[in-house]
Amino acid sequence: MPKAAPPAPVQAVRGLAVLAESPGEEHAAVACALGLDSVPLSAEYSDLFLFQLYPYASVYLGAEGMIGGTARDRIAGFWHAVGLRPPKEPDHLAALLGLYASLIERAESGESEAEELLSFQAARTLLLEHLCPWVFAWLDRMQELSSGFYASWALLLKRFLIEELSGEGSSRCADDAVDSGVVSLQHLRDVPSLPDPRSDGSESFIKGLLASISSGMIITRADLGRIARSLDLGLRAGERRYALEHLIAQDAEGTLRALVSEAHRQGNIHKHRIKWLGESSEHLARRCCSTAALLDELAQEDLK
Amino acid sequence: MTNEELNQRVSAAREEVEARGETFYPGASRVHLAAYPPRERWNDWVELDSKSWPDRVEKRYTLVPTTCFNCESACGLLAYVDRETLQVRKFEGNPEHPGSRGRNCAKGPATINQITDPDRILYPLRRAGARGEGKWERVSWDEALDDIAARIRSCIQEDRHEQVMYHVGRPGEDGYTTRMLAAWGVDGHNSHTNVCSSGSRAGHHWWMGMDRPSPDHANAKVILLVSSHLETGHYFNPHAQRIIEGKENGAKLIVLDTRLSNTATHADHWLSPYPGSEPAIFLAVANWMIQSGRYDENFVRRWWNWQDYMEMVKGEPSASFERFLEVLGELYESYTFDFAAAESGLEVETLREVAEMISSAGTQLSAYNWRSAGSGNLGGWQVARTMTLLGALMGSLATEGGTFPNSWNKFTPKPPRLPHQHPTRWNDVLWPDEYPLALMEMSFLMPYLMEDQDAFVDVYFTRVYNPVWTNPDGFSWIEMLRNESRIGQHIAMTPTWNETAYFADYVLPMGHSSERHDLTSYEQYDGQWIGFRQPVLRAARERLGEQINDTRDVNPGEVWEENEFWIELTWRVDPDGSLGIRKFFESVKNPGQKMTVDEYYSWIFENSVPGLPDAAAAEGITPFEYMRRYGAFEVASKVGKVFEQPVADAELEDVRVDEAGRVFTRAPIPPSPKAPGGTKIDPDKEGRRRVGVRVDGEIVKGWPTPSGKLEFWSRTLHEWGWPELATPTYVKSHVHQQNLDSDQIPLITTFRVPVQIHTRSANAKWLDEIAHTNPLWIHPQDAARVGIEKTGDLVRVETEIGYFVLKAWITEGIRPGVAACSHHMGRWKPEGHEGQRIGMMTVAIDQDGSEWGLTRKKGGGAFESSDPDTLRVWWTDVGVHQNLTHPVHPDPISGMHCWHQAVRIKPAQPGDSFGDVSVDTSKSRAVYDKWLEMTRSASEHSPNGTRRPWWMLRPVRPERAAYDLPEPELSGA
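Chains as they are written, first to last, in our numbering: chain G, 176 to 479; chain V, 184 to 1156.
Because the hints were derived from the structure by calculation, they are not lab data. Ideal Cβ placement from N, Cα and C applies to all residues, glycine included. Keep in mind that the hints are not guaranteed to be accurate.
[What the hints assert, rightly or not] Lysine to aspartate or glutamate pairs mimicking DMTMM-like chemistry, simulated, CA-CA at most 20 Å apart:
1. G:K263 to V:D1147
2. V:K242 to G:D222
3. G:K333 to V:E188
4. V:K234 to G:D222
5. V:K234 to G:E319
6. V:K1089 to V:E1017
7. V:K863 to V:D1147
8. V:K273 to V:D1052
[Unchecked claim] Label pairs and their computed distance ranges (CB to CB):
9. G:A203 to V:Q191: 17 to 27 Å
10. V:V229 to G:D375: 38 to 48 Å
11. G:G400 to V:V229: 51 to 61 Å
12. V:E223 to G:L293: 38 to 48 Å
13. G:L293 to V:P856: 17 to 27 Å
14. V:Q270 to G:G199: 26 to 36 Å
15. G:R373 to V:Q191: 51 to 61 Å
16. G:Q318 to V:Q191: 39 to 49 Å
17. G:G199 to V:Q191: 33 to 43 Å
18. V:T268 to G:S284: 57 to 67 Å
19. G:G400 to V:T448: 18 to 28 Å
20. V:F1046 to G:Q318: 50 to 60 Å
21. V:E241 to G:G199: 16 to 26 Å
22. G:D375 to V:V531: 24 to 34 Å
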């Protein structure tokens, strides 16, 4: 039988969700209510969400490393499965958190125990399946890149999710089976390994590097800028793929070595999370490790 | 803080905010990237300068709305005017525009290319040598105005009104020019419609008395397209976004297109029928619905004019509805799926599935045909007529998710000083005896009709129209334009060089979409809106405190706008007001002074647009300032079933109801803010006007047809010589297989290239880079059969009057046995002439009697200009001009040019080069004569001695007496 559960934090998660949207006047009040001590700024939002860390699950869960594709379809399928029409961007972080809020709210107002159970299971599945495999690593990077409002928001959201996963939140879930088998991490199934440029060509190699589900790490424009500055290379304006391609063309060894250390750094963070996040962190840690090994090997060959 | 505590905090804050009546959470639309500058910040909008990136350099703009003038959709644009330089920096979408809702296709933002085109015409030009020789001299506007005005004045004074003609391609406005022609008393409105949309218009008009469809795609269950509306087509952007919305809501999409268009790729059912068989398909679907009872019997009983049909055709005036249903079943029983399959080449099972799908839509079937098959085939108007039969069976007309008639989703406001006079003389060149039922002017027959009638046009304006290039048989147009005993003076009003302007006496530069005033309203969903096109720099400078009275002051060079030009011209035609014309262009506030465009539109916005004065007052501005600021206004939404609306009691006075249920009243027409227009229904014998129809005892508005009902059977077609086509039926196309030789196949030419728009966009470098050529689509089986080895090989395509040479594109995207070539592309300038360098090839034109040739001398390519991008033009192929090789194919009823060609395709012959065109215009004449034989003239078939049914739509409608046929000349004296 379920133990007595605290009320679902519907409003807290709604508030956290809307802060992942482009800021307008109303956001300041929401931020204040969440206890965040500054207000979100449009310019900061644009830089972080539009240029550095795209807030779409499919970017981090799809083998293409881009918005859309199978990962987005799976998430849209989840919306359908819980009886809702997917919004235009079903995998946007705000949409996913909003959905989480709706599911826990639906569970609370459910008329029968079965309905309550189903909704909690669905909320739990959403968290484990479509958020956990990417959102913690993404929030890490958000904290690193932002020195202002969004760093505080990322920390708060991370703490919130951790509690939902492990603390009081999980106790609302009536059935332990949710964690032990009902949920299987579809996005981690059959993830292609990082292509080797020597056999698969450099195009697919670069594409794989930028797809975090394959390489294990999230590489932002800021990372590429930092590498360019540290090696005194020119950074071509354009998409990440194009910029990275030109960094490698200018200094393959230096660029690859910089990426090796980034892979180790992000891999270590994943490793520390394995004990409480399990399979998804394990997957990313493994990928960072193999990515670092391949990059290291290539750096030694000084791939041009 | 635990999640629970956090939640309590947020809940408390939310309650507090909402207790104040404010919103705590922002709306849910901030997730995606479609964010627009909020309209309260348009005056002073700050953006980071993209060219300075990664430095953060702020640019300040004032954002001014206008309306795109590339295709007819009239989507909203927002011009970003740099506050420092007062130049337009870019164009994006106007989120305040109800039709386009902030979205644009590629052609909207590319407006910036057009206004900065280094080859645009900046000054008025007058020809210096022989017409067509390519020599020009710059003249002042005053010289041009005086010369043209004097000619028009002579025509009017000497009662030669029919010798003034205004030939328009893209109108891009509602009512301004027709008002002017009415003021002049000239029946000289000539449009491009019969090379464009008359097929579809006729099909709708015969049913509804309104000639355009307005589908409610967003709310449909099934969307049925005979068009390619997800990539091109009329109202492409406003419709495409609503089709996608409909699909997101679960609508099924059925596309009939012989080509695998981008639209077809999004369809649930893509049907690739043999060209011209579309009506056979619709009739088979209709028959299946009728035989299986899957239609709305009550709607048919209430709204079809079935009693007229039973009386006049079956001789059963008192037949019951049940008896009609029996007859209906018999009428269509031969249109089986097997029959349609044999005609179309589609599978019976597919047709059955499509029929099931259509019938599942209920009243939510949005069906649309524009151009496409309706414009390709003899009898193409039956495409829309039979398509509407499906809607009329299901009652899906003017319903949510169904198809509306245009007039109910369009708002043309009444202008000031509306002329009440009508031309007194009938123009036989435009409305010839042989085509009394043509939807619009027989414009593309002009070269032949001028010869046949030995006619002379003293003043001929072409405006945003390029008949030499666009119309079939362009060489015959050149022959006519060069002949000064046919065309006295030709004035080409155009922003940019075109093939027709080379044969003008004056070339007058007119502004692009951000350089002119116009008012538009188009049927794009179940609502009514107006959009205001304006010279954005004029509006921007006025915002910053300047007073601008002449659009030329803000336009480049001496580029003008038509509205101010027409006012000025009219004042010079009638300087002292003695002709009775000037008064229509005098100020309302200050009679005797010239009306300004500001006053013209202010008057409309204050007096003729319901709701606009209130919306403006709420912001503390005038209606005119409101439109200058936001560019668009929605007058109504969810108009619904107008035909079912009860007639107001105030309109019912001394009422008579005739046997057919038509209701007549003595009450005067209530005042309306809308401009008059539409069909004209005769009063009853005692002079009461028709006000509605009585259906099941209730007096409702009905349809603007002679019967007041949906005309399943057209008394007009029946009485004017076409009884066999008076109900929706199937006419075998001129490219039906039985009409072709064994080595001929149909060529489809009516489709657009997604990012281009006829001859209007060749001066947009971005669009040209994306699409600049028009190869021949040919199926691998056909390519193998005629010996074309690979894509890119040169082929010769032979029509009835000549041939053209182009490159093959071997593709499975076309039905075997059919070829296709887009009518876009193939623009040219003669050697030695000025012209567009982007998008035009240079050609030599040779003439030997009636034999004409066009040879490509130089393709496109890089050139030096004020725009460094022109040195980066990497393509030389700008396509081939196929329309020159098309003879005219006028449909004997709708008047539509039937574009599909019967062609022979072979590998290029020795001596052939890419772009070659060869035509014998004497053969063109023979084809014209052959099609003329199919006509049934007014003089032989008119039931009442008139030239044309009075009730039918007609621009610049002449007075009633002008409709009378002339007395036959006595012969044999």
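A quick look at each hint next to the structure:
no.: 1; hint: G:K263 to V:D1147; in the structure: violated, 60 Å
no.: 2; hint: V:K242 to G:D222; in the structure: holds, 18 Å
no.: 3; hint: G:K333 to V:E188; in the structure: holds, 16 Å
no.: 4; hint: V:K234 to G:D222; in the structure: holds, 17 Å
no.: 5; hint: V:K234 to G:E319; in the structure: violated, 28 Å
no.: 6; hint: V:K1089 to V:E1017; in the structure: violated, 35 Å
no.: 7; hint: V:K863 to V:D1147; in the structure: holds, 16 Å
no.: 8; hint: V:K273 to V:D1052; in the structure: holds, 16 Å
no.: 9; hint: G:A203 to V:Q191: 17 to 27 Å; in the structure: holds, 20 Å
no.: 10; hint: V:V229 to G:D375: 38 to 48 Å; in the structure: holds, 46 Å
no.: 11; hint: G:G400 to V:V229: 51 to 61 Å; in the structure: violated, 25 Å
no.: 12; hint: V:E223 to G:L293: 38 to 48 Å; in the structure: holds, 45 Å
no.: 13; hint: G:L293 to V:P856: 17 to 27 Å; in the structure: violated, 56 Å
no.: 14; hint: V:Q270 to G:G199: 26 to 36 Å; in the structure: holds, 31 Å
no.: 15; hint: G:R373 to V:Q191: 51 to 61 Å; in the structure: holds, 58 Å
no.: 16; hint: G:Q318 to V:Q191: 39 to 49 Å; in the structure: violated, 25 Å
no.: 17; hint: G:G199 to V:Q191: 33 to 43 Å; in the structure: violated, 25 Å
no.: 18; hint: V:T268 to G:S284: 57 to 67 Å; in the structure: holds, 59 Å
no.: 19; hint: G:G400 to V:T448: 18 to 28 Å; in the structure: violated, 39 Å
no.: 20; hint: V:F1046 to G:Q318: 50 to 60 Å; in the structure: holds, 54 Å
no.: 21; hint: V:E241 to G:G199: 16 to 26 Å; in the structure: holds, 20 Å
no.: 22; hint: G:D375 to V:V531: 24 to 34 Å; in the structure: violated, 48 Å
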